[in-house]
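Enquirer: Use the sequences and the hints to build the structure in full.
Here are the chains, one letter per residue:
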Amino acid sequence: MLADTLTRFVAQDYPLDARLAAGAGVPGYAPEKWRALADLGVHGALFDPRDGGYGGAGFDLMVVFEAVGRGLIVEPLLASAVLAGGALAQAADPKTKSGQKEHLAGLVSGEKQATLAHFEANDGWDPTHIETTARKTDGGWVLNGKKSVVRAAESADFLICSARSSGVPGDKDGLSLFLLEMDGPKDGVTLQSSQTIDGGRVSDITLGDVTLPETALIGRAGQAWAPLQSVLGRGVMCLSAEAVGLMDVIRDMTLEYLRTRKQFGQPIGRFQALQHRMATLVLEIEQARAAVINAAAALSGDTTDGIATARALSAAKYTVAEVGTLVAEEAVQMHGGMGMTWEYPLGHYVKRLIMIGHEMGDGDYHLSRYIRLGEAT
Amino acid sequence: MLADTLTRFVAQDYPLDARLAAGAGVPGYAPEKWRALADLGVHGALFDPRDGGYGGAGFDLMVVFEAVGRGLIVEPLLASAVLAGGALAQAADPKTKSGQKEHLAGLVSGEKQATLAHFEANDGWDPTHIETTARKTDGGWVLNGKKSVVRAAESADFLICSARSSGVPGDKDGLSLFLLEMDGPKDGVTLQSSQTIDGGRVSDITLGDVTLPETALIGRAGQAWAPLQSVLGRGVMCLSAEAVGLMDVIRDMTLEYLRTRKQFGQPIGRFQALQHRMATLVLEIEQARAAVINAAAALSGDTTDGIATARALSAAKYTVAEVGTLVAEEAVQMHGGMGMTWEYPLGHYVKRLIMIGHEMGDGDYHLSRYIRLGEAT
Amino acid sequence: MDLSLSPDERAFQTEVSDWLRHNLDPALADKVRRGQRLTKADMEGWHRTLNGRGWLAPHWPKEYGGTGWSPIQRHIFEEECCRAYAPRVVPFGLSMLAPVLIKYGSEAQKKTWLPRILDGSDWWCQGYSEPGAGSDLASLKMRAVREGDHYILNGQKTWTTLGQYANMIFCLVRTSNEGKPQQGISFLMVDMTTPGVEVRPILLLEGTHEVNDVFFTDVRVPVENLVGEENKGWTYAKYLLTYERTNIAGIGFSMVALEELKQIAADQHRAGRPLAQDPLFAARMARAEIALNNARIANLHILWNAAQGAGNDSGNGASVGVESSMLKIKGTEIRQQIDALKRQALGAYAAPFQPEAFEPGYNGPTLGPDYAAPVARQYFNNRKISIFGGSNEIQKNIISKMMLGL
Amino acid sequence: MDLSLSPDERAFQTEVSDWLRHNLDPALADKVRRGQRLTKADMEGWHRTLNGRGWLAPHWPKEYGGTGWSPIQRHIFEEECCRAYAPRVVPFGLSMLAPVLIKYGSEAQKKTWLPRILDGSDWWCQGYSEPGAGSDLASLKMRAVREGDHYILNGQKTWTTLGQYANMIFCLVRTSNEGKPQQGISFLMVDMTTPGVEVRPILLLEGTHEVNDVFFTDVRVPVENLVGEENKGWTYAKYLLTYERTNIAGIGFSMVALEELKQIAADQHRAGRPLAQDPLFAARMARAEIALNNARIANLHILWNAAQGAGNDSGNGASVGVESSMLKIKGTEIRQQIDALKRQALGAYAAPFQPEAFEPGYNGPTLGPDYAAPVARQYFNNRKISIFGGSNEIQKNIISKMMLGL
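Residue numbers (our numbering), protein chains in the order written: chain A, 1 to 377; chain B, 1 to 377; chain C, 1 to 406; chain D, 1 to 406.
Don't take each hint at face value.
[Stated by the list, open to error] Label pairs and their computed distance ranges (CB to CB):
hint, chain 1, residue 1, chain 2, residue 2, range
1, B, S166, D, S6, 39 to 49 Å
2, D, A41, A, G139, 58 to 68 Å
3, D, E63, B, G265, 48 to 58 Å
4, B, T5, D, M402, 28 to 38 Å
5, D, P222, C, K401, 49 to 59 Å
6, C, P222, B, G265, 29 to 39 Å
7, A, M1, D, G196, 50 to 60 Å
8, C, K401, D, E63, 56 to 66 Å
9, A, E131, D, E259, 28 to 38 Å
10, C, R48, A, G170, 42 to 52 Å
Hints are computed from structural coordinates only; laboratory data are not their basis. Remember, predicted model here, so these are calculated numbers, not experimental data. Note that the Cβ used here is the ideal one computed from N, Cα and C, for glycine as well.
Expert: In structure tokens:
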């Protein structure tokens with residue numbers, strides 16, 4: 001139902017041109033649409049009731065992000081609500097640090113926008129390969145390192161930033177999370193920013209002797225792996241569902257094109273070679289949807305089998321990478337020159353679908369992870 | 001020219017039924033056709049003039065084995081002339097062991113049939129992973145071990161058998177070659193034999209305390225790797241060329257079927273989906289041919305760059321594995337039920353083409369080897 | 001949709017697996033596992049065992065002997081049977097003819113034939129394809145000419161699976177040449193002991209005999225063996241084909257094949273290391289496993305949707321139409337992919353061809369590991385599954401037309 | 001065939017690479033290597049440099065300014081140019097119009113236009129596709145009506161690459177509606193400064209401007225600009241397309257792209273290890289490398305065969321027909337495969353889109369490694385190569401018809 005609301009909102013109040021313009025501009029999305037989405041309740045649907053939301057289960061994420069994909073929505077719901085918000089919700093200790101609880105409430109309501117600064121240039125998608133360090137001092141912490149390609153960082157009210165307070169890259173122990181207020185220029189924090197090819201903005205964030213108070217630490221030092229793993233899994237879930245939403249649109253556009261574009265005196269959809277390729281796409285999209293349903297079920301179920309859940313998530317991300325690339329490339333090919341133009345909408349959905357493979361692990365990474373986790377059992 | 005002669009011979013004197021019957025019987029080929037092939041000069045074309053032949057270069061192997069593939073010839077030219085004969089030619093020291101030179105002459109003339117017993121169950125195509133041992137004794141050698149799926153061993157006049165006289169599996173040093181006469185039951189040598197699904201017979205050969213005289217050693221003890229590597233490379237060349245020959249036949253049969261088989265009131269070759277798939281097959285077969293030409297050129301050229309030659313050979317075997325599987329499976333599919341029957345010739349070519357991937361390394365092995373050799377440079 | 005099983009469904013699963021443990025002859029299961037050829041008696045025996053328990057025809061309405069299970073229960077049952085290496089139930093009577101009779105047959109026909117299917121009195125086979133009518137099934141030529149109370153049949157059917165064991169065959173026959181080819185087809189049940197019926201074996205490329213040509217020369221068939229109306233057979237034929245397609249998808253069998261693949265890959269070594277640890281092969285296996293799991297969920301999703309929509313379909317439930325084309329394509333692709341990996345995993349030991357090892361009771365030596373003997377044969381044999389039952393190309397035509405409107 | 005170079009050919013290779021080292025501006029090569037946008041002046045400069053050496057038109061007969069090279073020499077030249085990161089020569093005049101003029105043009109046309117192509121006086125572009133006539137090129141509608149000594153042109157052309165720089169365009173126009181669509185087409189050369197010609201940009205999906213719509217409203221073209229005979233343009237058009245296809249195959253450019261890929265994979269890390277050592281990625285790269293090498297040999301094989309057969313083709317040599325369709329399909333597939341791997345190799349750094357970094361002279365910071373900026377853009381942009389110049393589907397139709405007789 002929320003998905004329908006969202007789809008209607010996009011169709012009626014947020015035309016494609018506006019979404020593209022917002023994605024290509026600064027801050028990479030439309031703040032007034034961000035607020036409108038919050039008013040529709042989209043943010044709240046991504047949070048568990050105990051965190052102030054009214055959803056947050058695997059199937060909730062699936063439904064919302066399929067709609068995000070269908071709507072080519074550029075607003076940073078993933079970065080802010082799912083990743084930063086999820087990290088706060090899962091890692092923060094509400095008893096001792098009530099300030100963090102208020103930050104969380106801001107993300108649930110959509111009044112604030114945050115992002116998770118976690119991945120780094122050399123990590124190769126391995127979320128434990130963190131080189132950024134957090135050194136304990138008398139009054140707090142000093143952070144040094146560099147975070148790569150962080151979405152919606154320039155516009156963030158605050159960052160949730162991971163750093164290593166002990167251990168070496170690759171260790172699960174020793175990871176900590178910190179809250180960096182971004183209410184003004186911050187000593188030692190440098191952003192180098194760019195738009196992206198698929199809409200929205202990203203930043204490399206350099207942290208040079210950034211001093212933080214003790215209260216910036218989220219949860220307990222060195223214990224961030226468990227919440228991070230959970231939150232990143234939810235992120236993978238959202239991206240996979242978004243991919244399926246994009247594929248649904250691309251399929252429908254391509255079908256429509258095959259039915260209406262005429263060459264050699266007939267609609268090109270009458271040519272059997274294209275028919276069979278289109279049938280394959282439709283078939284494979286249903287396989288991708290199944291992978292996402294499976295992942296949502298794994299996330300929604302009892303979480304006693306963490307490895308099975310992680311494998312279901314990696315299987316989904318791998319599947320949408322494979323199927324997504326096929327769907328994107330075939331759709332452009334079947335559209336011919338038309339599919340190559342900026343003016344025709346297809347290309348923008350295609351770009352986003354392909355670039356989902358460049359967030360939180362590509363197909364090869366998730367296939368390898370699926371294998372590795374299977375060997376562990 | 002020899003290829004034409006061979007093709008004519010098969011067409012006129014050795015019909016498919018006879019080839020299939022020979023391949024399914026004992027000894028897995030037709031001895032009188034073996035002699036006829038020798039009379040045509042096929043054996044001689046596989047040997048260098050210095051070894052008594054009149055060919056033996058990469059392009060000679062290519063031409064003969066493309067014809068072997070086109071003719072679905074079951075006679076053990078690869079096992080006897082290329083592998084066993086090649087090993088004798090390259091490893092034997094003509095000065096000290098004239099008996100071995102006579103054995104070689106028998107293989108060049110086709111009067112004798114031999115085979116190379118080299119690969120083992122756990123070697124995974126790695127030709128250095130030899131567990132069979134050769135222990136030096138006073139009067140000669142004692143061999144222990146097991147050789148796997150050796151082609152045409154039951155009918156062989158003698159075996160060329162590799163064993164490890166020093167070192168451990170995986171070492172290049174320490175491999176030795178021995179000549180085992182098979183003129184009668186041999187103490188400690190047990191053959192368990194079977195026909196194969198693609199024609200011809202294979203044996204597992206168990207060697208249990210097999211005593212051999214000093215003269216059974218071919219060349220110098222522990223120094224067999226260089227000749228083995230060369231001979232196995234030539235074997236890979238032959239199998240790759242044979243695969244291309246098979247693909248040519250399969251392509252022509254499929255084209256003919258597409259032109260003549262009618263469904264829905266027209267030849268099925270009028271259906272665009274099949275046309276495009278057929279075009280892909282034709283295209284890919286030319287890529288496979290190019291890979292084989294490249295390998296033949298590498299074998300024929302100056303051998304100063306052994307690694308480049310080895311990579312060209314692995315690239316060819318990998319390519320024919322990939323393309324061969326595609327061609328085989330697509331040809332059967334496009335033939336429909338007809339392609340599934342024993343009576344229609346296609347299936348026999350298809351079986352041989354697929355099973356070439358089960359000799360001397362599959363596509364994955366050769367791809368990995370290609371990568372490994374590239375890293376070494 | 002909820003993918004986890006309810007407590008009731010879990011209890012059902014246990015019930016099925018317990019029953020299988022006690023009632024499926026281990027020697028028979030072993031034959032299935034080892035890819036050995038099943039005898040006619042093997043197949044008939046398993047048919048009787050299932051019928052004894054009332055579980056032979058889960059997809060039939062309860063009134064005719066069905067189980068009244070939900071689609072999910074049927075799915076559980078199928079998976080458990082596969083896991084236990086139960087033989088595949090011969091589908092021609094049970095899953096192909098019966099749904100047509102139930103939907104289009106006369107009361108008399110249902111009363112006569114359905115019980116005989118259940119108790120195994122008749123072994124049915126399928127007379128659809130002809131030498132000139134494969135993918136283009138509607139171009140079939142076998143004539144049935146009405147003479148009084150009989151049709152006189154002349155012509156040939158082909159690809160008739162297990163026809164060598166059958167005493168009954170259902171045929172599509174041409175009763176009219178008027179109009180489009182689809183319009184003159186009728187659906188007839190034929191007693192194969194009638195004079196003029198001759199069955200001749202067709203050997204498949206790997207040498208097995210499972211399909212046949214069936215020739216008809218002046219075969220007299222009583223008119224009461226006509227199903228439905230004359231010249232309306234195409235409608236019944238298409239209805240039957242959706243059942244056949246779903247059957248061929250065979251997700252459960254692929255699950256078993258995948259387990260076998262994993263065992264082979266753990267046992268086979270490459271230069272001293274288990275093949276399962278080779279990065280390229282591990283990736284191939286994982287791809288197949290993920291694809292299979294996706295297909296399994298996609299199928300459940302379809303069943304679940306069908307169950308939601310088919311509330312009052314009198315227990316027949318989950319009749320799927322064009323979706324069955326999607327299931328068939330993906331299911332056969334995955335099965336063939338797994339078969340190819342099993343073959344690849346064997347290395348050189350895929351080559352030995354020991355037909356004696358497929359025969360019941362064979363316990364002699366085989367070249368290579370004991371799981372090797374049937375693997376290459378299965379690979380070649382299962383190339384058929386993307387061809388038979390309406391080739392995957394025909395399924396794509398159906399999807400294009402029915403689902404995509406192209 | 002002998003794949004190794006003869007001593008003469010090796011000497012030629014050295015001569016070419018030496019000349020490139022001394023005559024190709026390193027700044028220009030650097031732009032090419034970094035995927036920066038080339039200005040009109042860049043392209044014209046390189047055109048002049050090559051012409052100064054007499055190496056601009058290797059495929060032309062010697063009498064018109066060709067080099068008289070063998071096909072193998074031409075192949076060597078192309079590979080060396082690619083290796084040196086020389087800009088691609090703009091092909092519309094040199095490689096598309098010129099072969100048509102040489103084969104079908106009048107002596108006067110050759111004398112007028114060929115020297116102007118060589119010296120760069122004219123910048124040609126191509127007027128083939130129309131909005132309703134893409135793959136189905138023969139359905140083109142742009143009218144040319146004869147009025148005295150002029151044709152009057154009305155209609156629209158599209159996908160006109162680099163039309164924004166051109167002063168001349170060659171067009172397929174409809175001069176008759178009689179007979180089959182192919183029969184009423186003529187081939188005209190049009191001065192784009194004529195009143196009534198309007199060029200409008202089309203942005204591609206990644207935001208670059210390289211193709212255009214060209215509109216014609218009552219444009220007057222002198223009849224002497226008709227190439228060959230009226231209504232015979234389809235023959236000339238098809239001849240031109242074989243050249244275009246071979247051009248698009250771009251094996252040399254793929255070789256350069258593969259080297260870039262290897263460098264990226266050596267530099268990018270995955271959890272502390274070079275990506276090049278990741279088994280799955282290494283396999284992808286090796287597959288691409290082998291495919292490219294195979295395609296290179298296959299092309300040489302075709303050239304070599306053509307050279308053998310084309311003894312007295314007056315130096316034009318190696319004209320290939322339907323084989324060019326095979327080259328085009330495989331060449332574009334491989335190029336797209338390599339582009340996709342480069343994109344994949346960048347990980348998260350494929351996402352930043354910094355169009356300013358593609359502009360000449362940009363030396364500012366970019367997000368990620370300096371090779372990252374153009375990669376995703378190139379991937380999306382090069383999806384065009386399997387569409388333009390006759391889509392790969394059209395090439396398969398040609399192969400089916402011309403080579404396979406289907």
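Enquirer: Of the numbered hints stated previously, which ones are contradicted by the structure, given in increasing order?
Expert: As far as the earlier hints go, only 10 is violated by this structure.
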